[in-house]
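Each residue of the sequence shown is one higher than the last, beginning at 1 in the numbering used here.
For the record, the hints were derived by calculation from the structure and aren't laboratory data.
Predicted model only: the values in this text are computed from it and were never measured.
Where is the CB? At the ideal position from N, CA and C, for every residue including glycine.
Some hints here could point you the wrong way.
[Unchecked claim] Here are the simulated distance ranges between beta carbons:
| id | residue 1 | residue 2 | range |
| --- | --- | --- | --- |
| 1 | 49 | 104 | 22 to 32 Å |
| 2 | 84 | 197 | 35 to 45 Å |
| 3 | 81 | 44 | 42 to 52 Å |
| 4 | 200 | 56 | 40 to 50 Å |
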Amino acid sequence: MSNLRHDICETDGSAPVNLHISVTSRVSTAPPLRERVEQKFFIRPEHMALVLALLSRTCRRDGQYPADQVNSLYFDTFDLEEYRKSDSGDSAKDKIRIRWYGQKFDPHVHTDSNAVAAADGREATLKHVSPEDPCPEGAPIRTVAVWLERKTRRRFASTKQRRSLEVPSPSLEFARLGRGIVPPSLLVSIMADFGLFVRGRMCPVIAISYWRYRFVEPCTGFRVSMDSHIRSSVAMPGIGRGERGLELPGAVVEVKGPVFALPAALGPLADIGSSWTRYSKYASSLDAHAADLGGISRAWPSGSMAKDLGIHSTLATE
Numbered sequence: 001m002s003n004l005r006h007d008i009c010e011t012d013g014s015a016p017v018n019l020h021i022s023v024t025s026r027v028s029t030a031p032p033l034r035e036r037v038e039q040k041f042f043i044r045p046e047h048m049a050l051v052l053a054l055l056s057r058t059c060r061r062d063g064q065y066p067a068d069q070v071n072s073l074y075f076d077t078f079d080l081e082e083y084r085k086s087d088s089g090d091s092a093k094d095k096i097r098i099r100w101y102g103q104k105f106d107p108h109v110h111t112d113s114n115a116v117a118a119a120d121g122r123e124a125t126l127k128h129v130s131p132e133d134p135c136p137e138g139a140p141i142r143t144v145a146v147w148l149e150r151k152t153r154r155r156f157a158s159t160k161q162r163r164s165l166e167v168p169s170p171s172l173e174f175a176r177l178g179r180g181i182v183p184p185s186l187l188v189s190i191m192a193d194f195g196l197f198v199r200g201r202m203c204p205v206i207a208i209s210y211w212r213y214r215f216v217e218p219c220t221g222f223r224v225s226m227d228s229h230i231r232s233s234v235a236m237p238g239i240g241r242g243e244r245g246l247e248l249p250g251a252v253v254e255v256k257g258p259v260f261a262l263p264a265a266l267g268p269l270a271d272i273g274s275s276w277t278r279y280s281k282y283a284s285s286l287d288a289h290a291a292d293l294g295g296i297s298r299a300w301p302s303g304s305m306a307k308d309l310g311i312h313s314t315l316a317t318e
């Protein structure tokens, strides 16, 4: 996939300002915005370069963030209620995640906080850092902007609510992701502001990163993205084999607009890719970690081949 990562425009960790944020809950304190309809297409590995060329030819690159790495830590209930909804094809789903941008704080890379501190000319005290105590012994710990998000999907329409936070950079290391990056009480409070009241504690489950190209279809204004190099590492104990950076082959193209329609210029997507609007990076990544080594379901992030062959994830039946 390295051939797809040319002309890199790395962000400084800030969020794209053009992200759609919308709310339908009456109790939400966030401003109400319109919903958007999402269509997704799974692109086989051998067609990725072709699709990127199509998008580059027919669409405008996003002016501010044409390409960068997206990182997310997903939360779910202890029994993975949201995963099971996705696996069963439920049309009403909520995703809770903490998102940050750029390659500098890649959650799948082994890091040494003390080495980072030394490189910055600071004492090696980061090993004591926690989200609740970000600056022990007066050490000037760098903070990173993250966004706590709730994404709601009702059939084909989706909305997104998000709130920006500053967290100590060591909290984004994989070894600390099991703590949730932010205190559980803060997570619950913000979700309540968003109108979501979850029974039981929300647990950090899996970290997912991917490389995203962003485009705008000029005739309709539809936003288009292509996600590839989709990697994941499980943060919840008891799932999979502890693999780090497990990668799903292929790519996913998302087309977002006010109606369920494909702009004429993007018509070839329907022929090149497989329409898979139910596709979920969260569910597909968990399926991959739970699948048998060498299992055929691991090779297809959309899950279409596994479903066609009657293969089911062990997560859905445990």
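Checked hints:
no.	hint	verdict
1	49 / 104: 22 to 32 Å	holds, 27 Å
2	84 / 197: 35 to 45 Å	violated, 19 Å
3	81 / 44: 42 to 52 Å	violated, 31 Å
4	200 / 56: 40 to 50 Å	holds, 45 Å
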